[in-house]
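There are 4 protein chains.
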Amino acid sequence: MNTFGERYRVTVFGESHGAAIGCVIDGLPPGYEIDLDAVRADLARRAPGNSPTATARRETDNFTVVSGLLNGRTTGAALTAYARNSDTRSHDYSADVPRPGHSDYPASVKYFGFNDRRGGGIFSGRLTAPLVFAGAIAKQILRGKFGAEITARALSIAGETDEAAQTENILAAKAAGDSVGGVIECAAAGLPPGLGEPLYGSIESQIAALVFAVPAVKGIEFGDGFGFAARRGSEVSDGMAFGASGEVEFLANHNGGILGGITTGQPLIFRAAIKPTPTIALPQRTVNLADKTSVTHSFAGRHDPCIVLRAIPVIEAVCAIALMQFDLTKPI
Amino acid sequence: MNTFGERYRVTVFGESHGAAIGCVIDGLPPGYEIDLDAVRADLARRAPGNSPTATARRETDNFTVVSGLLNGRTTGAALTAYARNSDTRSHDYSADVPRPGHSDYPASVKYFGFNDRRGGGIFSGRLTAPLVFAGAIAKQILRGKFGAEITARALSIAGETDEAAQTENILAAKAAGDSVGGVIECAAAGLPPGLGEPLYGSIESQIAALVFAVPAVKGIEFGDGFGFAARRGSEVSDGMAFGASGEVEFLANHNGGILGGITTGQPLIFRAAIKPTPTIALPQRTVNLADKTSVTHSFAGRHDPCIVLRAIPVIEAVCAIALMQFDLTKPI
Amino acid sequence: MNTFGERYRVTVFGESHGAAIGCVIDGLPPGYEIDLDAVRADLARRAPGNSPTATARRETDNFTVVSGLLNGRTTGAALTAYARNSDTRSHDYSADVPRPGHSDYPASVKYFGFNDRRGGGIFSGRLTAPLVFAGAIAKQILRGKFGAEITARALSIAGETDEAAQTENILAAKAAGDSVGGVIECAAAGLPPGLGEPLYGSIESQIAALVFAVPAVKGIEFGDGFGFAARRGSEVSDGMAFGASGEVEFLANHNGGILGGITTGQPLIFRAAIKPTPTIALPQRTVNLADKTSVTHSFAGRHDPCIVLRAIPVIEAVCAIALMQFDLTKPI
Amino acid sequence: MNTFGERYRVTVFGESHGAAIGCVIDGLPPGYEIDLDAVRADLARRAPGNSPTATARRETDNFTVVSGLLNGRTTGAALTAYARNSDTRSHDYSADVPRPGHSDYPASVKYFGFNDRRGGGIFSGRLTAPLVFAGAIAKQILRGKFGAEITARALSIAGETDEAAQTENILAAKAAGDSVGGVIECAAAGLPPGLGEPLYGSIESQIAALVFAVPAVKGIEFGDGFGFAARRGSEVSDGMAFGASGEVEFLANHNGGILGGITTGQPLIFRAAIKPTPTIALPQRTVNLADKTSVTHSFAGRHDPCIVLRAIPVIEAVCAIALMQFDLTKPI
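Residue numbers (the numbering used here), protein chains in the order written: chain A, 1 to 332; chain B, 1 to 332; chain C, 1 to 332; chain D, 1 to 332.
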């Protein structure tokens, strides 16, 4: 459904070409002073229309807070914010021709064709804006509480790790009417040891559940992740020793700061695989559901040749929202 | 926490060296005839002590059903089953010396040292037995309802895809006092299109949350997963066409049977990365929390040189439990 | 928190004197044609400012739908609606002087004084407007599915069962700067037998949890309720017999249509006790939290001399929302 | 379903005449020393067979803890306890003849006849034993944390408030093959102000949801409850003043220690209406579902002529479990 979490509960609403998108956040401590400029800065990182590597659709993402905030401080009631949609060109996509690699076809089955298919409806990447809003506040709380910093970056785009080569690849794909994917790496530094729960409450379970809510994510790994599979145990041992400070220190971090679903105190590290934008100008084979014909179609509209860069603040946001679900024992 | 799911709710309990482990399953349809032999067969696949590639610890995993079943049929009440623990050698591990790569250290922080550290307590792989129990029943329901079959296999162990080479590698690691990891691939064939939810309710979110509840899993990917990252959109297009039957057919399955978090009707495919067993006989650097010294320790006890093979039915089980969370519209 | 339910999930937001109030409804079937006129009619029944027996505050309760509805039909995405607040006189109440019988004092403790105290903030009866919105849709679905009708009425006001006497009592209390309470009786007719769950999932548990979310409710009873306490079992036996139709028929309905937490097929009947509005013009003893003095205060502002009549559609609404949490097996 | 709560999560399992009943409790703080003697004392208060006013069925209610407890202290893992059923006379009730006033008929509809009807199955009062187990621990935690004491008593039985008259009435009803009901009043003293949540998270909502999980409860009221309905606001004003200690003190407690769903710091007081045991020896009109005839039946078996006294520790238990759901901010 559209609600996530018990302790920091985020309800997201809206559709790509509907009147508005937004979120309701419950579980904020009362009297907390929110830095809305920092929230806007994260929204700007996600916003389209500000780069040759992104879609030409322009959205101001101008969120208005309508509850839960008074004189700049949280009231303890649910905080609600929404942004009106604008610059929607609903005629770009034919509703009857599902885009390969997109939710169009299975969603039409699930919703019996009644879903708002304009711009992908609820499946649109536009729904990640409220996630960024809620995550930006979560990042502030985690920073204030632990000094924790959550930062993500494009580890690779189109297989390239060099930033210049990444941009070049994106623009080349764009020119070819094509798209490229990549990998985002996210680190949460400064978390204390002991956060998390066994079983389904593991840090990995919570983060993964939210990361897969982000469109185009098709994989996640923590620490060495899939790199563990061909290694021996002795090669990936995160040994420990007492450090100069008299505290337990780790000699390696193959496990990405999580053991048994619980933070170790080392940086929490994970990577998310982002698939190439499925909506491309190059012709693809698909169907026309109205007249039941097989067709080859070129999806003209505005699209991102690569969403990896825009997804970076989204990954940070969902990481922060996931971490807020745990019992942060020290008072905020 | 220890409870997962709304529609098919599984509560797992027990600790590795406690009196018993078990599960409470809610959401079973009334009057359903459970094939307990099939459940036992899955438990046997997971059970230790039946192979040179596994730990020598012998557990009968003899589950007793104490509620929810009458004359072989479900009553509609929660089904509860438990198995007594046996053959526990609690003195194998020193409670004061955390095993690198295991939950020992962060759990001692989280639980202030009060957790049952014998055999890993609640973090033990032994807790996957009740998951297999609950998942085996879920598999039966999905098979009966859709004809769906959920099957997993070791895609690679120690980097090897050949089964003979896999066994050889496991035994070599065992002989060296070491361990190896691997990758499990799981497929759910026969699911109808349209199962799933947008956002946090995505099929990927639900499966991932449960797969990361399985000890030693450090990554998950759906379809091409991380392989998407270096590809162009045009290379990984899951095109569609009307088939001979008049139904929409897919021309490829790069997305592993899921688009927008919803099943497409193609086989659902995911892979899980399993790390090498962290408890190995080779010496590792660690600490003694009692006398606050840094030590080099060899963890003698019985352990699996590779848990990939034993984890296979567990991955099938959690896949089935995750799928049971969705609105399976046709009557069971 | 502010979210209720799994199957028909209602998230309410807003504060009495904030920018807006509203709700997010998840779990609506796709393609459902909502009768917004009927929703507005229920909102009008709850609205203030339309009767001498109600507060003079005027709210249009003009809800705008911003997601989940397209061409008059549900899309399957969460339906979000909000109404802007207006005619708020924030200076009527002194924030430092808690009103006896109201949440002011315990809320100031809970929220450390950061809660929005204007008009009661999140504790205001104004928050019942989004409940009425969500409940009016639930009533439509239940009517369409089962032919079920949910209707509430004022069983008594100020102890009077006669409507003319009720109005007289309300106006007399108003003239005296006082207020009166009453009892609302709600009936849900047309529900099939077999809805509900044992234990915490009982029909009574779900309805009660929601009814107590309505401000001023202090009691609930089903069927004979407290009247059972002084009776013998033989006097309150809901006997059964096969009727002319060949179906099981009940010979009495002391249990209000619920046995073991499950509907019997008879009318579901419950009563809610509504306390007199605590904000009255007559002087009350209270405190000034700012200067720490005990005071006697007359709360001038606009208030309802009796909220029983306005609460009637709210009780219907929460009854409907509660019933939507159960497995309504026949397709909608 | 069979699981209640987020912070102190209680999963109950078992059926009246099945192999065992029990509970899984999650959310216990680690290292907590449980007084099992106090738990057993509460179980003994609920146990049948120890009084002429109760059923002759004898159950030892001898619960065995199988997880979550080590050396008398909680481990932080879920605590699981179960008791085997004994002295079950399954032939006392005819499965085909539903007892009026009991769940038999609607349960047979809901479960298509597959539910375990022996002794009422999951609807049996026997399922309250695990609730008492979980509640007795919750009471200890609340006492240790706040010095809070939760105590219930029979306010009236068969309309009598005098204890001797109550016993007399119960025995008279028993002799007549009949049964009587009553009212239980429960008080929780010592709770700090500020516990609770607005809306569905109100103290009343949580307590009511659990109290209605107890078989035979048909009503609940807080403070003056239904007594509010015929009063004026000025008559039931819970005035405040600064006391000698310099703290806010209440001058009355009409609201039963709760305002706006939040504790005021005054004693929390509620009353539950308990209906007369529906299973009586006097003939009742009912049906035979097998041969579809209307019959008059005398339900011979062992039954409680009044369950009010046995329900007292159950009401205390669910009150404690409900209170454990709130954010108890001071460390346990």
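FYI, nobody ran anything at the bench for these hints, they're computed from the structure. Check each hint, because a few of them may be wrong.
Any copy will do: because identical chains look the same in the list, a pair fits if it lies in one copy or spans two.
Under the rule of at most 20 angstroms between Cα atoms (straight-line distance), these lysine to aspartate or glutamate pairs were calculated in the DMTMM-like manner [unchecked claim]: (1) Lys-174 x Glu-249; (2) Lys-145 x Asp-96; (3) Lys-145 x Asp-327; (4) Lys-174 x Glu-163; (5) Lys-292 x Glu-249; (6) Lys-174 x Glu-235; (7) Lys-145 x Asp-35; (8) Lys-292 x Asp-96; (9) Lys-145 x Glu-6; (10) Lys-292 x Asp-327; (11) Lys-174 x Glu-160; (12) Lys-292 x Glu-247; (13) Lys-174 x Glu-185; (14) Lys-145 x Asp-162; (15) Lys-174 x Glu-33; (16) Lys-174 x Asp-162; (17) Lys-292 x Glu-149; (18) Lys-174 x Asp-35; (19) Lys-145 x Glu-33.
Quantities reported herein were computed from a predicted structural model and do not represent experimental measurements.
Against the structure shown, which of the earlier numbered hints fail to hold, in ascending order? Structure breaks hints 1, 2, 10, 13, 14, 15, 17, 18.
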